[in-house]
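J.: Protein chains in written order, with the numbering used here: chain A, 1 to 131; chain B, 1 to 416.
No lab work stands behind these hints: they were computed from the structure.
Some, not all, of what chain A presents toward chain B, calculated at C-beta under 10 Å: (1) Glu-35; (2) Leu-89; (3) His-91.
Beyond 10 Å from chain B on every Cβ pair, some chain A residues (computed): (4) Leu-17; (5) Pro-70; (6) Arg-106.
Quick reminder that beta carbons are idealized off the backbone N, C-alpha and C, glycines included.
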Amino acid sequence: MKYICLGYMNEEVWATLSESERNTFMDECFSYDKELRENGHFAGGEGLQEARNAATLKWQSGKVSVTDGPFVESKEQIGGIMILEATDLNHAIRLLSKHPSLRLGRGSSSWEIRPAVDLTAFMEESNRRRS
Amino acid sequence: MQNSSEHIFQLVGDIYRNKSRSVFATLIRLLKDFDLAEDAMHDAFKAALEQWGEKGVPSNPLAWLVSTGRFKAIDRIRRESKFDPLQKQQVGQMEADTIDPSNVVDRAIEDDVLRLIFTCCHPALSLDARTAMTMREVCNLTTEAIANAFLITPSTMAQRIVRAKAQIREAKIPFEVPPEHDLPDRLGAVLQVIYLVFNEGYYASSGESVTRVDLSSEAIRLGRLLHILLPDPEVTGLLGLMLLHESRRPARTSPTGDLILLEDQDRSRWNRDMIDEGLTLVERAFLSTPPGPYTLQAAIAALHAEATHPDATDWRQITGLYSLLLRINPSPIIELNRAIAMAMHKGPEAGLRQIDAILERGDLTSYHLAHSARAELCRKTGRTDQARVSWERALALAQQAPERRFIERKLSELGT
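Next up, chain A with everything else stripped away, as it sits in the complex:
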């Protein structure tokens, strides 16, 4: 089963890190990602640029409005996403508990795990409606 993991981090904490601290952090994360990949648990993922580079779209008075910045302004922003392949929620929790990124900023980062919805049935139904 697939689990979408949203990694939240405090960008201010990241900004305070020295270059060597950042490098160590990256090395650890990549090394663990490799573990996940080798064991067939890594089904995709990306790191995200700072939230100030985000654009947010909304439907407003009959047209699309675009604002700059993230959907919600807050200290913790999504810094990365990952798709995990795991047998169940506890397996996903266990895999992610070991991710080095969790230790960034001593508690200022967190992972939200969201089980993916199996859309197959919805898609088949929708295909039938459209055919």
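For chain A, the structure is supplied; the task is to place chain B on it using the hints.
T.: Chain B in isolation, oriented as in the chain A frame:
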């Protein structure tokens, strides 16, 4: 052909389905950690898929899987110890361990499954935690499936499992079959979990979704497993009890989902095979003296199963069995059941006196079945007004829709 990839895939799949819990249990004993053992078990099966085709199937596949899993775990900790200095220590310790898993014999592996059951059902864990751990670690159900079966969210269930494992680790709950003098108590905690799972499936309200696991058959499967590993008379009794109850399932609800009482069930629809197996088990369990609470309940179920017609029920014996049960397990619910049996045996007046005594004492006053039973006996003795009062009280307390419909029907039958 023997080692074709298709053959290997099927063989490993079969072993995974039938024996992965055994491999897992032995790995927990060797590695002393649930999570590590789960990863190691998966690693071992993956290695089997990769290696057996080329190198041939080992002569003892289970021992191979255990041994490979253990090495993979040590490898894994060594790699991960980069991230966690505490684990470095663990690696050294594990490598120094003198256990040679290639010596593991099948009997030892079976004992490990029993250890796993006793650990998951350790009385230091709450009943909820015990149930969750048993369903996931012994029955190999996913967190989502268990949550779905117990009608709670997967995240609540996941948290329960994480906490239970942490508690086992932190409280250093040993991975062992309890010593002889603790066995009756500790076995009681295991049987309680199995019976709870069974009842959750048996008495659950309708509205099940397609993905809902059948908890009753899961409990029976677990009962059978425990019965093979530890043929204690009470295990035999519980398995018999579950089978005898389960045998009535086809007859206990109407096509519209309404409850059908035991006396109104079409007994030809009871599952004969389950009854025969249940009766044999009850007889065997009853050989031990004194019989335990599950055996006594099973014996009561057996007397119902043996009656081809409600009138042929041996209520005298059933009343006697409830009295024995009450002696070892004093509970107002059992007292209520004995009162109902007594009403059938000695007449409604005798039963009514007993129920009134329980209610006057202040017990079961918010238990709808006590009021239902009282209402029925009042009706039989011609106390229509009192019957109505009791049915109304029962209706105010009943939660499930089929039960409410049943009571409403009874009320309307009383007339005005």
